[in-house]
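**Student:** Since the structure of chain Z is already known, use the hints to place chains X, Y, W, G and P on it.
6 protein chains.
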Amino acid sequence: MTAISRFPVPELKDLPEDVRARILAVQEKSGFVPNVFLALAHRAPEFRAFFAYHDALMEKEGGLTKAEREMIVVATSGANDCQYCVVAHGAILRIRAKNPLIADQVAINYRKADITPRQRAMLDFAMKVALESHAVAEADFAALAAEGFLREDVWDIAAIAAFFAMSNRLANVSSMRPNDEFYLMGRLPK
Amino acid sequence: MTAISRFPVPELKDLPEDVRARILAVQEKSGFVPNVFLALAHRAPEFRAFFAYHDALMEKEGGLTKAEREMIVVATSGANDCQYCVVAHGAILRIRAKNPLIADQVAINYRKADITPRQRAMLDFAMKVALESHAVAEADFAALAAEGFLREDVWDIAAIAAFFAMSNRLANVSSMRPNDEFYLMGRLPK
Amino acid sequence: MTAISRFPVPELKDLPEDVRARILAVQEKSGFVPNVFLALAHRAPEFRAFFAYHDALMEKEGGLTKAEREMIVVATSGANDCQYCVVAHGAILRIRAKNPLIADQVAINYRKADITPRQRAMLDFAMKVALESHAVAEADFAALAAEGFLREDVWDIAAIAAFFAMSNRLANVSSMRPNDEFYLMGRLPK
Amino acid sequence: MTAISRFPVPELKDLPEDVRARILAVQEKSGFVPNVFLALAHRAPEFRAFFAYHDALMEKEGGLTKAEREMIVVATSGANDCQYCVVAHGAILRIRAKNPLIADQVAINYRKADITPRQRAMLDFAMKVALESHAVAEADFAALAAEGFLREDVWDIAAIAAFFAMSNRLANVSSMRPNDEFYLMGRLPK
Amino acid sequence: MTAISRFPVPELKDLPEDVRARILAVQEKSGFVPNVFLALAHRAPEFRAFFAYHDALMEKEGGLTKAEREMIVVATSGANDCQYCVVAHGAILRIRAKNPLIADQVAINYRKADITPRQRAMLDFAMKVALESHAVAEADFAALAAEGFLREDVWDIAAIAAFFAMSNRLANVSSMRPNDEFYLMGRLPK
Amino acid sequence: MTAISRFPVPELKDLPEDVRARILAVQEKSGFVPNVFLALAHRAPEFRAFFAYHDALMEKEGGLTKAEREMIVVATSGANDCQYCVVAHGAILRIRAKNPLIADQVAINYRKADITPRQRAMLDFAMKVALESHAVAEADFAALAAEGFLREDVWDIAAIAAFFAMSNRLANVSSMRPNDEFYLMGRLPK
Chain Z
1 MTAISRFPVP ELKDLPEDVR ARILAVQEKS GFVPNVFLAL AHRAPEFRAF FAYHDALMEK
61 EGGLTKAERE MIVVATSGAN DCQYCVVAHG AILRIRAKNP LIADQVAINY RKADITPRQR
121 AMLDFAMKVA LESHAVAEAD FAALAAEGFL REDVWDIAAI AAFFAMSNRL ANVSSMRPND
181 EFYLMGRLPK
Chain X
1 MTAISRFPVP ELKDLPEDVR ARILAVQEKS GFVPNVFLAL AHRAPEFRAF FAYHDALMEK
61 EGGLTKAERE MIVVATSGAN DCQYCVVAHG AILRIRAKNP LIADQVAINY RKADITPRQR
121 AMLDFAMKVA LESHAVAEAD FAALAAEGFL REDVWDIAAI AAFFAMSNRL ANVSSMRPND
181 EFYLMGRLPK
Chain Y
1 MTAISRFPVP ELKDLPEDVR ARILAVQEKS GFVPNVFLAL AHRAPEFRAF FAYHDALMEK
61 EGGLTKAERE MIVVATSGAN DCQYCVVAHG AILRIRAKNP LIADQVAINY RKADITPRQR
121 AMLDFAMKVA LESHAVAEAD FAALAAEGFL REDVWDIAAI AAFFAMSNRL ANVSSMRPND
181 EFYLMGRLPK
Chain W
1 MTAISRFPVP ELKDLPEDVR ARILAVQEKS GFVPNVFLAL AHRAPEFRAF FAYHDALMEK
61 EGGLTKAERE MIVVATSGAN DCQYCVVAHG AILRIRAKNP LIADQVAINY RKADITPRQR
121 AMLDFAMKVA LESHAVAEAD FAALAAEGFL REDVWDIAAI AAFFAMSNRL ANVSSMRPND
181 EFYLMGRLPK
Chain G
1 MTAISRFPVP ELKDLPEDVR ARILAVQEKS GFVPNVFLAL AHRAPEFRAF FAYHDALMEK
61 EGGLTKAERE MIVVATSGAN DCQYCVVAHG AILRIRAKNP LIADQVAINY RKADITPRQR
121 AMLDFAMKVA LESHAVAEAD FAALAAEGFL REDVWDIAAI AAFFAMSNRL ANVSSMRPND
181 EFYLMGRLPK
Chain P
1 MTAISRFPVP ELKDLPEDVR ARILAVQEKS GFVPNVFLAL AHRAPEFRAF FAYHDALMEK
61 EGGLTKAERE MIVVATSGAN DCQYCVVAHG AILRIRAKNP LIADQVAINY RKADITPRQR
121 AMLDFAMKVA LESHAVAEAD FAALAAEGFL REDVWDIAAI AAFFAMSNRL ANVSSMRPND
181 EFYLMGRLPK
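Protein chains in written order, with our numbering: chain Z, 1 to 190; chain X, 1 to 190; chain Y, 1 to 190; chain W, 1 to 190; chain G, 1 to 190; chain P, 1 to 190.
In short, the hints are calculated from the structure, not lab data.
The reader is advised that the hints may include incorrect statements.
Here are the simulated SDA-like cross-link-like pairs (lysine to any residue), alpha carbons at most 25 angstroms apart as the crow flies [what the hints assert, rightly or not]:
1) K60/P <-> A56/G
2) K190/G <-> N99/X
3) K128/Z <-> A67/W
4) K128/Z <-> D114/G
5) K128/Y <-> D140/X
This is chain Z alone, in the form it adopts within the complex:
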C-alpha cells in the first residue's frame, strides 16, 4: 500500500480520545477516513487547532454558500499544485454544487468555469490572496463591493484562501495522498 504521508501516521487506538472521536465521526459520515485526518493526527494539539480553524471557516453561516467556499479551496489549491486538496475538496465541491463538472473546471482554469460574475470576482480575489497578497489594495475591496460582497464576506474569502495556503503547504510537504474514494465522488447522478 502506498504511504499516505512522509511523516508517521499513528494508529487510531493510540490517539487521544477527542482526536479519535473526531476521526470516527468523519468515518461514520463519509464511509471512510480522509487521509488528512490521519496525516495530521500524530500532532494532537495541531490537529485540534487545524480542524477548529477549518470548521470555523467552512461550516459557519455567512454570505458565501458552502459550494462557493469549496470553489475558493479548489481554485487556490490548483494554483499551489496541491494534489490532496484539489482531489478531496474537488469531491466536496461537486457534491455541494451538485455539479459534476465544476471542480475540474475551477481547478484547471477558473476563468473558464461555469460560474457567475460574482463568483468570478470572488475567485479573482482569492487567487490574489493566494499568490500575491502583498499587493492587495483598496481597489480589490471595491471590486468585491461592486458585486455585492459585504466586508465580512471579504474576510471569509481571504481567510479561506489563507487557511488553504497553509493547508496546501502541509499537504505538499508531507506528500499527503488523497483517498481513492474522492476521485469519483459527485461525478455520477444520484
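**Tutor:** Coordinates of chains X, Y, W, G and P only, in the frame set by chain Z:
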C-alpha cells in the same frame, strides 16, 4: 490615529471572556497589546484556533530553539512582504536570539545572515515551503538530515512556514499595522 | 447551450468532404464529436495540418507507450492551465493507462503521481520543454539516457510537449469547451 | 563544421521524394537550404504536417500583411529565446517590411519598435498568447477590435503565435542552428 | 571579525590620496567608515566614479527631498534583497525623514508605509524601473505628472533607482557587510 | 525625425566644454555621435560620472578581453530587453570579436552561442548578477575559479553586469534610440 486593520476592531469589553483574558494576559506580559490580537478578535472562533495553532507550534518543546522558530517566521514573512509579521516577529527574534542585528539580516537576505550552516539549511527549506512547496522532494529531507535535523524537526520547520503563509496573508489583506513598540524592541543592550 | 468557441463553428454539412469524413469517423468511434474537431474546422487547411501532426506524434510506433504520450499532454497542459486539453486528454490517459486516478494526479502535480522513475524523468523533461525550452541542455539528454530513453524517444517527448504548447494556446484563446462526456470517461470499472 | 541539430540530419538522397522536392524548391528560391528543413526531415510525416501548417498560416490571404505575420514570429520567438527563429524570421521580416532595422527592434523590445499603434496592439496580443494564454479574455478581443482587427485576423495572430510556440520549442530542444546567410539578409539596400 | 567583502579590502594607508581623503571625511562626519567605502576602495577609478555618480544624484537640489531619495533607495534595495543598502540607507532615511519607523515600512512593503500619495506614485515608478524597466511607458509618466512631478523629477527617480540597481548588485556579489552602527541609527529620539 | 529620448536633448553648443569635447572625440573616432552621449548630456555631472565609470570598466587592462566584456554587456542587456544597449554594444562586440554572428547569438540565447566553455561560465555568472544577484554564492565563485578566472576577473564580470543593470534601466526609461548606424556595423567583411 492610523487604523490597525481594514476590518472592524472590537472593543475589549465586547469580547468573549476567554478572548479578553488572553489579550489581557499578553498586555500584562508585554506592556501593550500586539495588534494581531485586536485585529483577529472580531471573529472569536477563528481567534481561538489561530492562537491555539500558533502556540502549538511556537511554544512547544522540540529540536528547534525558540529563536530558530522566529527565524523561520521572519525569513518567510520577508519573502511574503508582510509588514506586520516582519516587524513584530523581528522584535521577538532579536529578544530570543539576544542579537540586535539578526532580524534585519534574516528579513532582507537570510543567505547573508550571521547564522550557522544548520540554520541556513533550516531556512533554505522553510523558504522552499513558503514559495514552492509543490516541488519539495526527498532531496530536501536528505539535506536536512545531513545537518542533524530529525523528521519531527522537519515537520516543525514546515508547519511554522505553513502557518505563517496563512498569517502573512491575513495580515496583508487586512493591512494589519505593527505596533510602534516593536520597531525598537531588542535593539538596545539591557 | 454554452458556446464551444469564441470563433465561428461551422456546420458539418458545410465542411469539405475530407474534414467531414474525419469528424464522422471520430464520432463513430467515440460516440460524440470532441469539440476540438468542430472548433478547428472553420479553417480546413489548418485543421488538416493539425490532425496530421497530431496523429504523426500520438499514433506512431516508438519507445513511448500511448499512455505515456498522454501523460506528457496532461502534465504540460496542466502547467498551461488548458481546460480543454486537461479534461479531454485526461480522459484518454485514464483509458489508455487503465487507471482512473492517474490523470488527475498528473495534471495537478506529476511529481506525486503513481508513475515509474522513468516516467518521472520523461515528465521532468517535457515540463522543461513546455516552460523553459531555452534552457534545455546536454545534461537533460543525459538524464533521459540514464533512464533508457533513446534519442528518438527524446524527440518524441519534446515534439509532443511542443505540439501541445501550440494546442493549449489555441484552446485557451478560443476558450474551447471540453465536451461533458470527457469528465467521466475512464473513471468507472468496465 | 558546427552541428545544425542535436538529432540526426538525413542526407537529401535518403529523403522521400516529396520532402526532397520541397527542400530543393526552397534551395532554388533562397539560394541555400534553411536548416529547419534539414533538421525536421528525419521525421517525414512531422515534416509534412509542420510545413503544411506553416504555409496555411504564413502564406494565406487575410487581414495581416506578410510583414506583420513575421513581426509576430520575431517578437514571440524573442520572448522564447529562440535563436533559430529570431535570426531566420528576422531576415524574412527585414525583407518583407523592406526595413533593415525592424527585426532587431521587434526581437529585443517590440514596445520601442518603429511600428503603428495597430501593430503594437497585434504584438501585445501575440505576446499574451505566447506567455500567458490562460489569461486571454474578452477585453483582449475588444482591444484588437478597437484597432480594426476582424475576428478572423485575431485567429491569425493567435494561431501564428501558437504555431511558433511549438516551433521555438522544437528549435530550442534540437539546438537548431540558424544558417549564417540569415544574419545579413535584408540589411543592405538593394 | 567577520569579513566585510568577498574581495580584497585595502588599508587606508595604501590608498591614493583623494580616496583616503574622501574616506576620512566620511569618518569625521559619521564617526565611522561605512563599509561601502572600504569595499570599493581597491579599485580607485571605479571608487571615484561611483561616489561622483552617487553624489550627483543624492546630494543635488531638485524636486525630491533627500528623504524621498532615500525612500527610493530603500524600497528598490528591499526588492533586490540587498542587505547592505537596506540597512545603511534605512538608517539615512530614518534620519532624513526624522521618522524611526519609515525605513522598515518602506523596505518590507512600501504600499503599506506611512507616506503621501505623491510618494506612493514615486515608489510605484521606482519599483517599475528596478524590476521591469523594459515595460515603462507613457502612462507611467502621466501618472507621475498627475502627482505634480516635473520631467526632471522623473529623471531623478529613474536615475536613483537605476544607480542602486547597480549598487545592489555590487553589494550582493561582494557580500558587503553593513556596519553594526547602522542598525540603530535614527531609531531613538534625539 | 524620431526622438532619441523622452527627456530633453541639449545642443552641443550649450554643453560644458569637457562634455562637448568628449562627444566630439567620439564623433571623430566613430563617424557619428552615439545617442547615449546626447541623451545623458543634459545632466553634466551624471554624464561625467557615467562615462568615467564606463571607461574604468571597459577600457582597463585585465583578464577579460574587450570582446568578452562586450559579451557581458550584450547578454545582460538582452535579458533586460534594452534596445539601445543590445544594438549599440552588439555592434561593438562584432567588431571586437571580429565575428559578424556573435552578437545576435549572445543577445538571443548565449547558451547556444559560438563561445568557449570559459566564456559560457563568464556569462552564466553575469546573468546571475543581472537577474538574481541576491543568490550569488561561494559555489558561483568556485565555478569561475575552475575555469581559470582570478578573483579580480570576477569583480570585472560582476561590475560590468552591474553597471549595465544601471545603463539598461536609464536607456529603457528614456526610450533611448540606437543610432541607425549600429545595426550594420561589423556585419560585413572588411
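**Student:** Taking the hints in turn, state whether each one holds.
**Tutor:** Quick rundown of the hints versus the structure:
1. K60/P <-> A56/G: Given that 25 angstroms is the threshold and the Cα spacing comes to 24 angstroms, the pair holds.
2. K190/G <-> N99/X: holds (24 angstroms)
3. K128/Z <-> A67/W: Answer violated: K128/Z to A67/W is near 39 angstroms, above 25 angstroms.
4. K128/Z <-> D114/G: holds (23 angstroms)
5. K128/Y <-> D140/X: With Cα atoms ~21 angstroms apart, K128/Y and D140/X stay inside 25 angstroms; holds.
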